[in-house]
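S.K.: Position chains B, C, D, E and F against the provided structure of chain A, taking the given hints into account.
In order, the protein sequence lines correspond to chains A, B, C, D, E and F.
Residues in the first sequence are numbered from 1 upward in steps of one, following our numbering.
Residues in the second sequence are numbered from 1 upward in steps of one, following our numbering.
Residues in the third sequence are numbered from 1 upward in steps of one, following our numbering.
Residues in the fourth sequence are numbered from 1 upward in steps of one, following our numbering.
Residues in the fifth sequence are numbered from 1 upward in steps of one, following our numbering.
Residues in the sixth sequence are numbered from 1 upward in steps of one, following our numbering.
Derived from the structure by calculation, the hints contain no laboratory data.
A portion of the hints provided could be inaccurate.
[As the list claims (entries may be wrong)] Facing chain D, a subset of chain B residues (Cβ under 8 Å, in silico):
no., residue
1, Ala97
2, Ser98
3, Arg257
4, Leu260
5, Val291
6, His295
[To be verified] Footprint (simulated), chain C over chain E, 3 or more residues, beta carbon under 8 Å:
no., segment
7, 19–33
8, 58–70
In this text, a Cβ means the ideal position worked out from N, Cα and C, and glycines have one as well.
Residue-level listing of the chains:
Protein chains: 6
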Amino acid sequence: MGEREPARGPVDATQIPRFAGPATFARLPRCDEVDRCDIAVVGVPFDGGVTYRPGARFGPAAIRAGSRLDVDPFGAQQVADAGDIACNPFDIAEAIASIEQAAGELLGRAGHLMALGGDHTIALPLLRATHAKFGEVALVHFDAHLDTWDTYFGAPYTHGTPFRRAAEEGLFVSDRSAHVGIRGPLYAKTDLSSDAELGFTIVSSADYASSSIESIAGRIRDRVGDAPVYVSIDVDVMDPAHAPGTGTPEAGGLSSRELLLTLRALDGLPIVGADVVEVAPAYDHAELTTVAASHVVYELLGLMAREAA
Amino acid sequence: MGEREPARGPVDATQIPRFAGPATFARLPRCDEVDRCDIAVVGVPFDGGVTYRPGARFGPAAIRAGSRLDVDPFGAQQVADAGDIACNPFDIAEAIASIEQAAGELLGRAGHLMALGGDHTIALPLLRATHAKFGEVALVHFDAHLDTWDTYFGAPYTHGTPFRRAAEEGLFVSDRSAHVGIRGPLYAKTDLSSDAELGFTIVSSADYASSSIESIAGRIRDRVGDAPVYVSIDVDVMDPAHAPGTGTPEAGGLSSRELLLTLRALDGLPIVGADVVEVAPAYDHAELTTVAASHVVYELLGLMAREAA
Amino acid sequence: MGEREPARGPVDATQIPRFAGPATFARLPRCDEVDRCDIAVVGVPFDGGVTYRPGARFGPAAIRAGSRLDVDPFGAQQVADAGDIACNPFDIAEAIASIEQAAGELLGRAGHLMALGGDHTIALPLLRATHAKFGEVALVHFDAHLDTWDTYFGAPYTHGTPFRRAAEEGLFVSDRSAHVGIRGPLYAKTDLSSDAELGFTIVSSADYASSSIESIAGRIRDRVGDAPVYVSIDVDVMDPAHAPGTGTPEAGGLSSRELLLTLRALDGLPIVGADVVEVAPAYDHAELTTVAASHVVYELLGLMAREAA
Amino acid sequence: MGEREPARGPVDATQIPRFAGPATFARLPRCDEVDRCDIAVVGVPFDGGVTYRPGARFGPAAIRAGSRLDVDPFGAQQVADAGDIACNPFDIAEAIASIEQAAGELLGRAGHLMALGGDHTIALPLLRATHAKFGEVALVHFDAHLDTWDTYFGAPYTHGTPFRRAAEEGLFVSDRSAHVGIRGPLYAKTDLSSDAELGFTIVSSADYASSSIESIAGRIRDRVGDAPVYVSIDVDVMDPAHAPGTGTPEAGGLSSRELLLTLRALDGLPIVGADVVEVAPAYDHAELTTVAASHVVYELLGLMAREAA
Amino acid sequence: MGEREPARGPVDATQIPRFAGPATFARLPRCDEVDRCDIAVVGVPFDGGVTYRPGARFGPAAIRAGSRLDVDPFGAQQVADAGDIACNPFDIAEAIASIEQAAGELLGRAGHLMALGGDHTIALPLLRATHAKFGEVALVHFDAHLDTWDTYFGAPYTHGTPFRRAAEEGLFVSDRSAHVGIRGPLYAKTDLSSDAELGFTIVSSADYASSSIESIAGRIRDRVGDAPVYVSIDVDVMDPAHAPGTGTPEAGGLSSRELLLTLRALDGLPIVGADVVEVAPAYDHAELTTVAASHVVYELLGLMAREAA
Amino acid sequence: MGEREPARGPVDATQIPRFAGPATFARLPRCDEVDRCDIAVVGVPFDGGVTYRPGARFGPAAIRAGSRLDVDPFGAQQVADAGDIACNPFDIAEAIASIEQAAGELLGRAGHLMALGGDHTIALPLLRATHAKFGEVALVHFDAHLDTWDTYFGAPYTHGTPFRRAAEEGLFVSDRSAHVGIRGPLYAKTDLSSDAELGFTIVSSADYASSSIESIAGRIRDRVGDAPVYVSIDVDVMDPAHAPGTGTPEAGGLSSRELLLTLRALDGLPIVGADVVEVAPAYDHAELTTVAASHVVYELLGLMAREAA
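Isolated chain A (complex conformation):
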């Protein structure tokens, strides 16, 4: 009874210049302004788990500021901005609990979450909330680093450990997951074999130098099969030239074009949730990192919107 309000897009750039208007992602409506929300963009400004350069707490605001040039509507899907999840900057365990709870509540109201970090610690509670709604997922993880360390300074929950914890908790399908963009000299042989036991396959950054994006995307698609997919993207998967504003930069990474085209080539996969993390704007220049990150978010929203449609 009664028609659904048509999905609303960003404010009209021919009426309100891109440098004006709301500070939401892509100048989309806020969640409280729309009847329903197919995909909620939500900030998670937590960086208490970083081991090197901190500052990802300013990531969500910065990605939103960098998203003002994103323009295309998402078709029939309603994408809206849910604001930030407030979490305790001094207590990792409490922050993780807050994020899990808030994400769970949001998933009660919204179809899917597109999270803006924050450091990679937040992937664990996001995966928990995703698992609670969608069950086991295939994890496609873009990163320079494995993030499957065990502990650091005795801490089990840091930005270097989320996927080990997630594996232990059975949050993703062990033989359907992949790391993409990994590069070293950071990893000892033990790291790699220990990682393999968790069920990941690795597409390295070096693979991009010798394979086409099509074939890389093919490897990822083969890996995930028909499982629902969660995509977690640490912006340091890109080379520091393309994403300087991050906490643990690693030379030899992907160009932004390689990352964006890889995502585009995943079109059709059933993506149920995603995060883009480790944007540390204090190290950014001229919005290089946040423009790239916001394009990545935009691409993910498109994948989710088409899938959800």
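M.R.: For chains B, C, D, E and F alone, coordinates are given in the frame of chain A:
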């Protein structure tokens, strides 16, 4: 009938960290979230009138981002954020008309306006709207430059001319107004005498080196007398060391402390409106300029709130 | 009667260090210092047509400063620096008229123009002046964006519309022109089909990930055939990693090497004029953008010089 | 039996250029290179207690890099660099315990500590170690902020609370301590009265605009009397123009000259320990903050050396 | 026979925007464009004598770029830009000889020189050329450092030694010279007494905190008496907050206002030559340093022009 | 007699955070802390030979600071940090002599040297010392420029001439050497033919656009054959997007991944020494260049360690 909702302040920083939460000025509520609005903070992202470094179109968003550390409540007065006035970036005359109209409408709903520029061109339509509601005002103008040129490239409305136009339109009381912080070598003798004819007195930046802030504030207070006051602050009144993010930097300016203490010493004057303009964040560093600008705005809000109380 | 003065190159770097000497492009002579001028490098410091980050008004001076490392002589052709075209920063229509007139006058004295922007608005009057001297040209347009919008805020002449206006005015051959480097998600389907009607073909940035530069250059050469060519290069065709100092950065772009090699592969085409636009130095770092832009200009000068020889 | 090795100063700048040589503070010897250590400079790279911009974990390394221009020998006193205290970045309580223990051990081997932060959280364990060796001290605290909040997000130990905890633990003499440089609008009346109960007097930044440095130093000297003194300096006591590289910048602060001359005017006070904290180099420019901080450290070392002599 | 051409000022900013036009100082004519030249502004891009941060070789170009906002004509005096003196970057002795010779030749054609450095090494050959034309001068030297060291790494000619060499060569009047703005902890007692023997008096930066600018200027005027004056200004006399772009930054310096007002208070002194040195633009931000330096140059030109008139 | 101390690696990052601890390369032990040293990392902070942007004197300290994320142990080989070679900043000849002598002494105590520049001038004395120990080497030279000019301003020893001097001195095998990454338009035909006479082959940056890294590495391996290899890497071989912090940036260069993978593909070659030069940190951003440079150093250490094992 029915009690007024108590005034609402910024979101609680012990619940939502300062780096999270809404992107409004000082994380105050939006105008659409409150019953009444004693003072509306409004962005005017227009910089089509600049003669040197452009970029003040990004000023309102940047001042808001720099205001996250502002914290104290404003007592019984309700301060809220009215968002931005959209205006045509390609047509100065149309933009001025839009600003005048939007400011007038806002002043119908809010007691006072605290405008965030934008370049100094916007002072003219703001003064028109102020005049329409409050009549002739005393103008206290903080700036490195007089902004009373006649035309530039034949254009009557630019960031160098608002106060000549305002004088011609009779928007302020001619013998109750002052320029504060002026410095040269920018001005020829003809500029100064021509300016004096418009009814301004000048407190130069050099005066700060030989007079106490108390005596300078005394000169300003004597000048304005008991007229209602409009305060227009070009951030380039501060030295570029304190406010690098601006369009026409001029060495030899005020420190941020000199500016803030001068404002504080104006306590009790009946301030009916104000603007802070010429923040060009592309030239800022580490939020130097926007933190200073947001403190200046905060101080002005305090002056207005106490006066309005 | 009398011999022609031999062509003069940059000042000798073994006598005057690269960080000293004239501030002309590549330290070449000024037009008023040479008898004849085969190619005039001319600045067009206008940015009144930008929709996002302004500042390209400082582009010509910055590109010249970034060109001090360019060194090789241009053979028998005399390249000289014609300084800047002064144009009204407050009135787009008047500025366009000034540029058209000044460019026309320069083309009366110089063989060809190599223009340094300024925003992309300037391509329209430059194309008009080019058309007046050389007739219809094939347009090869490197850009992240189509720049074939109709209007913006009601304005027909902005940096997003020059090629729609040029098409309407019949300034280029409709089936011999190409956009190179286009990428989205910026464009709706209607944009693309509307653009196709104007007679452009598109080589996207994504095409560079799957095709060799040779084959891309081949597509461009096939397209332009034997028509005289005007090359218009928006530096945002490069990825922001390579050209951060620009107004509407778009991740996923060309590397500077891809751009330079594509140009080099156009050797032999009859290039009659060119522009390099949208350098906004306030967003640059360590002359990244201006060094790349000056190399691009240098490459274009070489193409023109060899063709003109 | 046997003579004491003469005190050693920095490496000789006429033999080893200032941009070469060891990365110790002022290129002084390491503690392990000298027989005795009258004053140990020690880094405490902990920033887990910050409420806004993090990054002071990189402070000690950055202050050392900024100290290469510090040159004068410290007379007969041996000053040496003790390296960094390693502490857990993820657990504030554990970090505080580590710092207290390490500082205590260092004070067993060295006469005095000059600590380089890190955020202001570290002042608490440093005061505990100082108290254990020297008993109750007069605390002279330079800062924009009081740092006497009770808790934040429920956390008792953060960079906003060290002096409340210290007061509760009786680590300083309650009527002999002073805050210097405090400024608002950050503080509500309740903050100030609550602070006064802890036994502090306040010299505000505004006081510097109306009083001579001599008289301000006189107020501080009167306050501390003949008690042993601990000096804690948050670099945000300086205006952001002078110290942009910090976590909670506050306009309207002291110039570096005001701070340095105030310290110099404390000559003769029995200073038993000191810290310089809240240098966040990610926000610094051209070593502005670290050069100022290293000069401040240098001044404190001079005060301690003369006193200890 | 024939009238003298009237003095020419900068290009008209109402016809050619400040961001366009020639890259000369203050957009003044070049020396080769005018009949006579009362004051020649000349760049000396040499930095081979620096002991810490190099880069002052880019100073002249950067000061010119920062001078576009300088506007007022210099009355009847013709000021023109003489370009740069080319000098060997690899051989200090040869460079000094080149500078002396070129400055001497320029002084044959121009009344006075206003030199833009380059590092402070250049003051020696400039003083030699000045001495050759005007005889012994009173030297007024603004600097954080004495620059009267003897040698450094065995080198007699560096940026730390020009005034010792000049004293040895009898280039200035020994009891009529002054250092202004000196600060340390940089100087040992022996440095100061050794310096005093050269005939300098010292006005320290600390003196500015306790004396009025009027009284400081009085001390300088008393010192120089009626001797012809050479003013040498190292921009590091300003605090790094005001002039970050320099080679040996020293906290606790003068504000740009203090420097500019001190110069203005020297009006009437017979200034026969001047230099502004040690601008290292790689460390500058938003033209802070170059705008301040160009204002200082402008002030010096005014002093010379009024004196010469 | 007695067992050899086991090789020691970096300090343990799980005990001492990466942002703390010693400022040695990769936080490795200092040479004076270990019994033997298979590979010594040594800084050569000399930049007196640069022709454009100076500042590589700060390169060694900056590369060390950027190397804190390098982590993997080097197996049985002991790598240690030998600190900096002090050299006269004012006298190129004396500096070259100092470097040659110091490098020779180090090679008496250490197996191999891994030098951190400094400008490319230092390659000559390093090659001399290498030749003295290992005889003629094959030189693999990564650079945008040939560095085989004859003189500059009459100077035979600059950063543009080391390999011509080295060829003249017979320090490398003339038909076994290669330049990699060269690009123009910097070189005239005479430069190239003159270079070929010195015995170099050239792999250009453009070659990377059309060949696989495998084939490029194959060309290099074929060229060097079984000669002992010295690798000299100017960071400007990378595109300025990847390495902005350098003295003579040249667009169109290698990505950091291309450089790192090329090095990795040289595994097995008998590398006897290496340098990484021309890091000028004043032009760097967010440690882009120093992180890339430190990864390059790390890769070279790995090649040397595996070869030496």
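S.K.: The structure should be examined with respect to each hint, and the outcome stated for every one.
M.R.: To see whether the hints hold, each was checked on the structure:
For Ala97/B, the shortest C-beta to C-beta distance to chain D is roughly 34 Å, which exceeds 8 Å, and the interface hint is violated. Restraint check, Ser98/B versus chain D: the minimum CB separation of about 32 Å is more than 8 Å; hint violated. About 4 Å separates the beta-carbon of Arg257/B from the nearest beta-carbon of chain D, less than 8 Å, and the hint is met. The restraint placing Leu260/B at the interface with chain D holds, with a minimum CB-CB distance near 5 Å, inside the 8 Å limit.
Look at Val291/B: its Cβ gets to within about 5 Å of chain D, closer than 8 Å, so that hint holds up. For His295/B, the interface hint holds, the least distance from its beta-carbon to any beta-carbon of chain D being 4 Å, beneath 8 Å. By the rule of at least three residues with a Cβ nearer than 8 Å to a Cβ of chain C, the coverage given for the segment 19–33 of chain E holds, with 5 such residues. With 5 residues carrying a beta carbon less than 8 Å from a beta carbon of chain C, the segment 58–70 of chain E meets the three-residue requirement, and the given coverage holds.
Hint violations for this structure: numbers 1 and 2, all remaining hints satisfied.
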